[in-house]
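K.L.:
So you can see what is in the structure, the chains are spelled out below.
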Amino acid sequence: MATELQSRAQPIERPAYDRAIVLSAVGRVFDDRRGTPVRALRDVSLHVDRGELLAIVGPSGCGKTTLLELICGLQQPQDGTLHSEAAALMPQRDLLLPWLSALDNAALALRIAHVPRRQARERAAAIFDELGLAGFEDATPAQLSGGMRQRVAFVRTLLSGKPVLCLDEPFGALDAITRAEMQEWLSRALAREPRTVVLVTHDVEEAVVLADRVLVLSPRPGHVVAELDVALARPRARTDAAVTALRERALDALASASREIAAASA
Amino acid sequence: MSVSHETAVSATDTNVTRDGGGARFGGARVRAAAATLLPPLVLALVLIGAWEAYADLGTTSSYVLPAPHAIASALWQNAGLIAGNLGTTTVEVAAGIALALLLGFALAVLVHLSEPLRRAVYPLVVGSQAIPIAVIAPLLVFWWGFGVLPKLVVIVLICFFPVLVTTVDGLRAVDRDQLKLLRTLDASRWQAFRFAELPAALPAALSGARIALAVGVIGAYIAESQTATSGANAGLGHEINADLTALQTPRAYAAALVLFVLAIACFYALTMAERALAPWAHRQTGETH
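Those sequence lines, one after another, are chains C and X. Numbers given in the working numbering equal positions in the first sequence, counted from 1, plus 180. Numbers given in the working numbering equal positions in the second sequence, counted from 1, plus 14.
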C-alpha cells in the first residue's frame, strides 16, 4: 500500500536501491556576495551506481562544486529530489591541518569518530603502507609536495568510512607530470579500496582515463548535456585511440553547450 | 712511477682542502654568531658612550641624569636590594602575563562562539583600556590590601587586551573551507574547535602575549607605584619611585635598567615558548633564518 502511494507520487523514477546516488530534476539557486540570485544548477538528473566512478566535466563556474556539496549534504536542493548514501568530500585544496603530521591528518576522521589516537594512527598507517605512502607518516604538511599532500587528503577522505567519495578537482593544482602520476595512483588506490566515486574535473582527458562514465555539464546554470560510457579496460593510456575519440566527443559536447548558452544570452 | 707519485700528491691535496674547508666552516659559525651579536652590542656601546660623554660635560646635574658609570656602581653596590625587588617584579610580570594569557584566551573563545556576547563585551573591554589605573587603584587596595594581588590585577587588566584581540582574530582567520571539510567528516562544533580553531588561535594568543609584555612591564611599575606597597621586596617600580623622591637617581636608573633587561628576557622567553608550542606558525618564515 505504502509502496503504491510512493510510486504514484514519483511515477517516473522508482526508488533504486542498487544506486548510491540519485538526483531527479535538482535545481539550486544561491545569492552571490551582492545578493543577486545566481542559478547554479538547473534540472539536473543523474544517478551513480554502487562502486561506479562517475566523472563530471564542465567549464569553470558550472555548478560542479555546488553539485558535490549537495551530494555531501552541505547544501539542500531547492527543486527536485536527491538521494545519496553518506558521502565524504575531498576538496580542491587539500586543507591539511598544519599542526598535525601526515598520519594524524589522514586519521582525522577516525579521531572525530572517537577512535583513540593510537588505534586511529595504526589504521591510517596500514593504509599508508598499502598505498605507498610509508615513510611519510611523521612529515608535516609543509614538508610534503603538492602531490603527496593530495594523497594524504585522499586517505583522509577514504578513512571517513563513507561509501561515497566526492572528489572536487583533486589534481587541478598539480603540474602535468604529477597529475598523470596521481591519476595512476588513484586508479590503483580505488582498485584496492573500492568505493562509489564522483569525480569533478575540468580536465576531459582525466575524466576519460579514470571514469566508468562521464557526464558533461553546460556552463551555468549547470545542466547535463551529454553522457559518455567509457567501456574501456584499465589501465588506459591517454594516447589510446579509443580514449582520444571519447575525449573529442566530450570536448564537442562542451563546445556546443557553450555555443548554445552564448546564443541564448546574445 | 711518476703517475703514482702524482696520485699521492693529489690525494694529499684533497686532504688539505678538506681540512681547510672544515676550518672555514668553523670560522663561518663564529662569523655568523658575531653578525647576530655585534650590531646590538655596537649600537649599545655607542649610545652608552654618548650618554657618558654628555653626562660628564656637567651641564646636567647628576640628580637629573646620572652617568652610566654611576649607574653601574649603584647597581653593583645595591645588587642585593635590586635582586630582591627584581624577584618580586619578575613574579608579578610572569604571573600577570600568564593570567592575562589564560583570561584573554578564554574570553576570546567565548566571544568567538557567541555573537551576542561579542557585541555585549567588546565595547566594555575596549573602553576599560582607557581607564587610568590611578582611578581604580584605591578600590583595588580597598578590596585586596597591600600584597601582590592588587598588583597582579592591574597587570592582568593591562595585558589581557592584546591577547584578547589577537586571539579573536586568530579564531576568525580559520579557513571557512576547513570548517566545511570538518563538517563533512561529521565533526561536532566542539571537535571543529578542538582540531581546527584552537591550534590556529594558539600562536595568535602568544603573539598577543608578546605585545602585552611591553605594556606588562610598565604595568608592573604602575601597579607598584599606584597601589600602596609595603615590605622589603616591594618590587622594582616601588624601588624606582622611592629612589626618585629620595634623589637616589643612580639607583633609580639602575633599577630601571634591570626592568629593561627583564622585558627583553621575557620577550625572548615568550618567543621560544611560541616556537615550542606552535612550530607550524614559524615554518614558512623559519627557512630564511
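Rather than coming from a laboratory, the hints here were simulated on the basis of the structure. Quick reminder that beta carbons are idealized off the backbone N, C-alpha and C, glycines included. Don't take every hint at face value.
Said to hold, decoys possible - Label pairs and their computed distance ranges (CB to CB):
#1 ARG219(C) x ALA228(X): 48 to 56 Å
#2 ASP189(X) x ALA442(C): 32 to 40 Å
#3 GLY241(C) x ALA287(X): 41 to 49 Å
#4 SER225(C) x VAL140(X): 53 to 61 Å
#5 PRO296(C) x ALA112(X): 27 to 35 Å
#6 VAL140(X) x GLY215(C): 27 to 35 Å
#7 GLY41(X) x GLY241(C): 54 to 62 Å
K.L.:
Given a hinted range of 41 to 49 Å, is it respected by the beta-carbon distance of GLY241(C) and ALA287(X)?
P.N.:
Cβ of GLY241(C) to Cβ of ALA287(X): about 46 Å, so the range 41 to 49 Å holds.
K.L.:
48 to 56 Å was suggested as the range; check whether the CB atoms of ARG219(C) and ALA228(X) agree with it.
P.N.:
With Cβ atoms ~54 Å apart, the hint holds.
K.L.:
CB of SER225(C) to CB of VAL140(X), is that within 53 to 61 Å?
P.N.:
With a Cβ separation near 55 Å, SER225(C) and VAL140(X) satisfy 53 to 61 Å, so the hint holds.
K.L.:
Tell me if the beta carbons of ASP189(X) and ALA442(C) are separated by a distance inside 32 to 40 Å.
P.N.:
This hint holds: roughly 35 Å between Cβ atoms.
K.L.:
Assuming the hint says 54 to 62 Å, is it satisfied by the Cβ distance from GLY41(X) to GLY241(C) or not?
P.N.:
59 Å, holds
K.L.:
Is 27 to 35 Å right for how far apart the beta carbons of PRO296(C) and ALA112(X) are?
P.N.:
31 Å Cβ-Cβ, so the 27 to 35 Å window holds.
K.L.:
At the C-beta level, are VAL140(X) and GLY215(C) separated by a distance inside 27 to 35 Å?
P.N.:
Holds, since VAL140(X) and GLY215(C) (Cβ atoms, about 31 Å apart) stay within the stated range.
Figure legend: structure checked against the earlier numbered hints; every hint is met.
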